[in-house]
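Line by line, the protein sequences give chains Z and A.
First residue of the first sequence? That's 1 in my numbering, and the numbers climb one at a time after it.
First residue of the second sequence? That's 1001 in my numbering, and the numbers climb one at a time after it.
What the hints contain is simulated information worked out from the structure, not anything from laboratory work.
Mixed in with the good hints there might be a few duds.
[Unchecked claim] Calculated cross-link-like contacts (lysine to any residue; reagent style SDA-like; alpha-carbon spacing at most 20 Å):
1) LYS1024/A to ASP1117/A
2) LYS1024/A to GLY153/Z
3) LYS1024/A to HIS154/Z
4) LYS1093/A to TYR1144/A
5) LYS118/Z to GLN128/Z
6) LYS118/Z to GLU8/Z
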Amino acid sequence: MVQVEGLERLLLEHPLFEGMADEHRDLIAGCAANAVFEAGRYVYRQGGPADRFYLIRHGSVALEVHVPGREPFIVETLREGDVLGWGWILPPFRLNFDARALQLMRAVSIDAACLRGKMDEDHELGYQLYRRFMPVIADRLAASRLQIVDMYGHPDDYVRT
Amino acid sequence: MPTAAAATLEPMTPVPFRVLGMRKELPDTYTLDLAPADGDGPLHFAPGQFNMLYHFGVGEIPISISGDPAATDRLTHTIRSVGAVSRGMGTLKAGDMVGVRGPFGSAWPVDEARGRDVVIVCGGIGLAPLRPAIYHILANRPSYGRLVILYGARSPRDILFRRELERWGGRLDTYVDATVDRATGEWSGNVGVVTNLIRHSGFDPVDTIAMVCGPETMMQYTVEALRDRGLDNTRIYLSMERNMKCAVGFCGRCQFGGAFVCRDGPVFRFDRIAPIFRVWEF
Ligand SMILES: Cc1cc2nc3c(=O)[nH]c(=O)nc-3n(C[C@H](O)[C@H](O)[C@H](O)COP(=O)(O)OP(=O)(O)OC[C@H]3O[C@@H](n4cnc5c(N)ncnc54)[C@H](O)[C@@H]3O)c2cc1C
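So that you can see chain Z by itself, here it is in the shape it has in the complex (with noise of 0.2 Å):
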């Protein structure tokens, strides 16, 4: 019980969650866990089902793509404040990426079929999370694309012919 009184403050200090309705916020605390991750474990693997997601209350976690041959590729961070994956809302729920704790992570972690099935049943509530997932999408799309243009790259390697 106490736990979840401590998830349920947890989601509504979230700014994810800012100006969610009660009911629905309650919803929500009914799918979620807290989950703790060792320095250097991994959190998912890439191409398995997206069935959580997870916003993070103390550390940072690495999103890596492994290139054979490679060293692990770091494409983005995330830390406190910030939610962990978003395949679980778009078909096919599938993981991106790897992610991987950079330091003991604890996170908030909500069980993506039971929050599907919830908002399958309640439209009102799908509306209210696409609409707060859709801009996290957009920035790190946004960010990705950024990152490609390489703004600090060397002129010498973006001569103009």
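Keeping the supplied structure of chain Z fixed, place chain A with the ligand upon it in accordance with the hints.
Just chain A with the ligand now, kept in the frame of chain Z:
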């Protein structure tokens, strides 16, 4: 021949300076310490100003002053090797000569920022023009509110003044955060665009002055992120380092809109350049 003290009085004639020291910062970036060949001084400049450095027989380029404004016995410049002049200067050794005109241009608003929070956002070599402002604020630390320094680089190997960033970050009165665009496994710091750092940094948008320097694309997105956090255009300052030639508002090479980077800049308050900021070619 003009003397160092008279340099700004004779803005078109380079004054001879001797190289005191040359430090390699990164594979393509170095720092030159210069002192007037005739021993004249002291050398005063305002944080944000630049000099025209003349590599004899090769050419002249505008370079911001990256040293401590309180150190009046030398001029410090940090230069990235990109073309003939900047590469050529990278071969200079202690004792060699360089021509200097300056200091020129507008300054970071370090006085206006007194009593306020200061957010410094820089990328790549853009930390160099902001370093004098950081030195100044740290030397007068009680006069300022929260000091936030956010830095973005291409990769962990490209982080400029890394030891200094770490030292500033170790102070209890300064918040320093850095990120890189790309990294591999052994890096345990942030990976992502510099604008990501803004939302984690916690400053009071109503009473903050932001100073931004880096590639123009980076500055454009940084301004947007600062505005999203509630900063007004009149509280955001940028250093526009577009190419120039004469440095005295004469030749028009660096003109954009009604402004000349050399005469009216390089540091501009954002509301004054907002309408033309996105125009890339002049
Ligand atoms: C006010 C001001 C302050 C500056 N401060 C610094 C500084 O502190 N440290 C530093 O390393 N550089 C600084 N620069 C940029 C520096 O002046 C140029 O890199 C230099 O003029 C290039 O000359 P070059 O002969 O070596 O190369 P060039 O042959 O002229 O150019 C080589 C390549 O660099 C690109 N380039 C040249 N100038 C610029 C520029 N201004 N911005 C972006 N790309 C450019 C060119 O497009 C070309 O691809 C500053 C510029 C200005 C206007």
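*Going back to the hint list, which numbers does this structure go against?*
1 and 4
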